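Which chain is which? The protein sequence lines are A and F, in order. Each residue of the first sequence is one higher than the one before, counting from 12 in the working numbering. Each residue of the second sequence is one higher than the one before, counting from 852 in the working numbering.
No lab work stands behind these hints, which were simulated from the structure alone. Note that this is a predicted model, so its numbers are computed, not measured. For glycine and all other residues, C-beta sits at the position ideal for the given N, C-alpha and C. Just so you know, not all the hints are guaranteed correct.
To be verified - Calculated cross-link-like contacts (lysine-lysine; reagent style DSS-like; alpha-carbon spacing at most 25 Å):
#, chain 1, residue 1, chain 2, residue 2
1, A, LYS761, F, LYS911
2, A, LYS719, F, LYS940
3, A, LYS719, F, LYS954
As the list claims (entries may be wrong) - Far from chain F by the CB rule (all over 10 Å, computed), these chain A residues:
#, residue
4, PRO27
5, GLY40
6, LEU56
7, ASN159
8, ARG167
9, THR302
10, SER371
11, TYR495
12, GLY538
13, LEU610
14, LEU701
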Amino acid sequence: MILAVTSAFLGALLAPLVYRWLGQLAGWGLALLPLGLTVYFASLLPTVVAGETVRHSAAWVPTLSVNFSFYLDGLSLLFALLITGIGTFIVIYTGGYLKGHPDLGRFYMTILLFMASMLGLVLADNIVTLFVMWELTSLTSYLLIGFNHTEFRSRRAATQALFVTAGGGLALLAGLVLLAGMGGSWEISELLAKGEVLRAHPWYLGALVLVLVGAFTKSAQFPFHFWLPNAMEAPTPVSAYLHSATMVKAGVYLLARLQPALGGTEVWSSTLMAFGLATLLTGATLTFRHTDLKRLLAYSTVAALGALVFAIGLVPLTSYYGAVGFATFLLAHSLYKGGLFMAAGAVDHEAGTRDINQLSGLFRVMPITGVAVGLSALSLAGLPPVLGFIGKEVLYLAALQAAPAWIIGLAVLGFAVGATLALILTVPFFRGQPPTGVHEGPPSLWLGPVVLAGLGLLVGLFPGLYNPLADAVASAVKGAPTSYHLKLWPGFNPALLLSLLTVAVGVGLYFVYPRLQAWMAQDPLPGPENAYVALLRGLLRLAARLEQTLQSGSLRAYLVWVFAGLSGLVGLALWRGGPFRWPGETSALSPAQLVLVALMLLGGLLVLRLRSHLAMVVVAGIVGAGVALLFLLQNAPDLSITQFLVETLTAILIALVLLQIRNIGEVPRGRWLDKLVALLFGGLVTVLMLGMLSEPIELHLTQFFAEKSLPEGFGRNIVNVILVDFRGLDTFGEITVVGLAGLGVYALLKRLRREEKP
Amino acid sequence: MNTLILKTTSRFLFTLLLLLSVFLLLRGHNEPGGGFIGALVAVGAYALFALAHGLTAARKLLPLPPLRLVGWGLLVALLSALVAFFLNKPLMTGVWFSLLGVKVGTPVIFDIGVYLTVFGALLSAIFGLEETADRTPEEAP
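Let the hints inform the model, and build the full structure from the sequences given.
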């Protein structure tokens, strides 16, 4: 299993190369990776269905209990199969949809990276691994949404998605760390067994809220739902993938995963049901504002996510309907939503528009896509004989068992919009004249929708096929063995009546849709997105204010502030450190040292008298060179060489910078404040050094390094062994900073040159 | 700058300084030296050459653009740190082996990464500044 996740990441990194070798066929070639993973996970089905779980673990940072541990039960297996299975068709679809795009190689890499992170997320058992994967999905989806990075709208949608989901990720991190602290374990599988302890813990509420914020932002729950429809700026394969199987389901997955540990309290069920229902209704209502296929589908995704969260809230309140309903509706939604998105993209690709008012008679020219859309729409509407019908039935049974009548009424309203949308989507295929010149797309474009819709039909007709896995998923969500016999035809029961009512309301709404749409689309509605925009704007304004106040642009002023501030702090520390003590014994200066010190003093004084900037830099070098020679006399050749080199290069750099500044003129006379600050700072540092000498020197570390350097680091140069071996990680951080600084300088200079050009 | 002496000597100095920088890099583990110092010497060599012969000539003597070197340097350092990880030891444990009779270890490879990164980053700054300076020579003080 570790190998499966690793191979997904490696495959993603190799994707651009594969694209270079295979060109147009890369989509089919690369699809072998998710396909192979699907087969692998399918081979684990018998084990998981038998009620066993699989767990693999590799140490990552064992001292911090961070492990690469993966855990497979019904829930993670269903997600893994969806991610890899739908991923297979998405990759194939990409090959047809983005044919010839100059950045296709990059796209393959990012979408496979996304798949790999998502796979790692649903399989992760360790909390840190889970969180790392969680953030990776946020990052990769940011890259995917902003794939058309030359468009302002894509960039804005991408940053919005990133801000919302990564902001929620921060809350999630805090929540997960709290959970680990409460349960005394970093492995989720162990935490699940400690539900009693967790729920009775005084931190329970805090941890719950934090985890919920993380899950709600990721799964686009009200009031964070707005980023999802905006993310429609992404190329269609991304929308299909993000909104069917993955990303947005990550939050749902996490809630379902933690249900046995955190669920079962009043606050859990009521919060999830409230937010789920609010999201369902928000998504359903806003659907009516749009005519763009992708936007319509996006809002219906928001609604479906609300329904799933609602279902998780029902799990502890119901015998088994909640858990089974969740398991069934999840699969149904992934299948029909993935198929519908891909079909919408195919229509856009072939007919050139996604506006349902401009599409007509498509069935005659795109029959294969038409069949796929029809079947998926049946599932969306919740009609027999497809899986969507069964999923919704069981959810209604769950609601009937545990929810009050008014909540059921609202849920029916929310689901009814699904039926309306199904009509809105299918009517353009059958009504009116077919457009000229439009034809069926290549197999890569219709294969995915057809297979996914076909699966929905197959499982709908023979629910026994899915029943064992559904039971395994339900058991994982419920936290106790659960089984239920899925049937296509459950006989006449209250749920069937609700279904009939849903369809009737849905059809009714369809007839008012055109008028409703025209009315609702008139002006932008106020919503939580306004708060997001206001927050960002406020932040930028605050930054501008601060910048105007603090960044005057004069380097001299900055230096005065920095050194005056530093002097203040050092002075304060000295003052609070108690009475000053002179060092007891100091060795006398040797003649060579005396000469050097005299030279340095002379150099320092000379700098004060000079009027040319360039000459000042050179003369200041005397002081630096003097220090370097002093190091040499003290048997510190390493320090000495470094000091010399840094001194030289600094002089070169400053000289080059000075050349940039035109009309710099001479150093102005006077400037007594500058001189005062310099004197103050120099004096304080001297006092500080003298004070340090009066303390006994701690030789602990020196001795350690001197002893271990040769036997353990195999080097006689202690300084170097410390740098590259003992404290290698620090050095790595430092060179990363050096590299970034280099990049920054490059970017700034480039900008400077561009500004000068006109 | 257009002085014959600088132009002639800089050719020899450039080679010598580069040799010195590699020497410093490789001896660093046992004697004074190391990747950081070695890189500084190499930057000095290139800065000198650029001063005497112009930026284009100096750039031609680079195998890769400076910022690319930064990337390679970081990659080399990272890979050297990962070797231990794949041998099931904690990240960045020094791994030593013998290559054609020469003792080689991941810390030395790491130091080469440091060398490349520091060299690339500093050189990118110096070249960049010199390039902008070259445009407006008459206005310089």
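>> Checking each numbered hint in turn, tell me which of them this model violates, lowest number first.
In response: none
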